[in-house]
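> Here is how the chains run, residue by residue.
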Amino acid sequence: GQSLEQPSEVTAVEGAIVQINCTYQTSGFYGLSWYQQHDGGAPTFLSYNGLDGLEETGRFSSFLSRSDSYGYLLLQELQMKDSASYFCAPMGGSARQLTFGSGTQLTVLP
Amino acid sequence: DAGITQSPRHKVTETGTPVTLRCHQTENHRYMYWYRQDPGHGLRLIHYSYGVKDTDKGEVSDGYSVSRSKTEDFLLTLESATSSQTSVYFCAISDPGLAGQETQYFGPGTRLLVL
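Going down the list, the sequences are from chains A and B. Take -2 as the starting number for the first sequence in the working numbering and just add one per residue. Take 249 as the starting number for the second sequence in the working numbering and just add one per residue.
FYI, nobody ran anything at the bench for these hints, they're computed from the structure. Treat each hint with caution, since some may be false.
As the list claims (entries may be wrong) - Ranges between beta-carbon positions, derived for each pair:
#1 B:Y298 <-> A:P107: 41 to 51 Å
#2 A:S24 <-> B:T319: 26 to 36 Å
#3 B:E275 <-> A:D36: 24 to 34 Å
#4 A:G37 <-> B:D321: 23 to 33 Å
#5 A:S24 <-> B:D286: 18 to 28 Å
The structure presented is a predicted model; accordingly, all values stated were derived computationally and were not measured. We put the CB at the ideal spot given by N, CA and C, even for glycine.
The task is simple: from the sequences and hints, build the whole structure.
Rendered as C-alpha cells:
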C-alpha cells in the first residue's frame, strides 16, 4: 500500500531555519518531490530528489534517503512570503504519478 | 510559467447535472493529470493521461470520466454531479521524456460548487 506522513503545522520566525520531514511508502518509487502552495493558489514545484542525498536550490534544500523512505525540506532565512502549505509527493507508478498528503502549513511570524 | 489554462475557473451547478471541465496546454507535454483538492485531504489523483486516447484511473475516479482527443486538451466530466464532488480541481502536465521530467506544472484550478 501507500502511506505518507508529514507534520500538519510548523511555525517559525523570520530569518529562522525550518525542516519539514516526510516519511513515505510508495510502490514503484522513482523519487520525492516537494511542492509549495499559497492559499488560493496552485501548487508550484520546489525540488525533486531522485537519488539519495541533498539537493540545494537557493534558500531551499531537499534531502532523500531511499533506504529509510525518508526525506526532508529545509527552508533557510525564512521570509514572510514563505508562509504556505508544503507538500512532499512521492513519485511512482507507470505514469510517474505523484501522491500528495495533507501537507504542512508553515506560518512565518515577524 | 507553463502554458496551462483551465476553464471554467468557477462553476456552480445543481446535483444530478453533468459538468465538463477543460484543461488546455500549449507545452506539448505527453502526460496530463486531474486532481481534486479538499480541506484535510491534500490533492488526490482522479485520472491521468499518457497520450492521446490513453487514459487511466487514479485514486478517486468513481463518478468521473475523462477524454483526450488532442495532445493539448484533457477533459474531465462529472457524469451526474453530487455535493461530494464540490471541490477545487487542478490539472497538471509533465513530460518524462524531457529534462526536468520530474516536474508537474499545475493549472490555476477550477472551483466547483454542487448544490
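> Next step is simple, just say for each hint if it's right about the structure.
Verification of the supplied hints:
1. B:Y298 <-> A:P107: 41 to 51 Å: holds, 46 Å
2. A:S24 <-> B:T319: 26 to 36 Å: For A:S24 and B:T319 the Cβ distance comes to about 28 Å; the hint holds.
3. B:E275 <-> A:D36: 24 to 34 Å: holds, 26 Å
4. A:G37 <-> B:D321: 23 to 33 Å: holds, 25 Å
5. A:S24 <-> B:D286: 18 to 28 Å: holds, 24 Å
The structure is consistent with each of the numbered hints, conforming to all of them.
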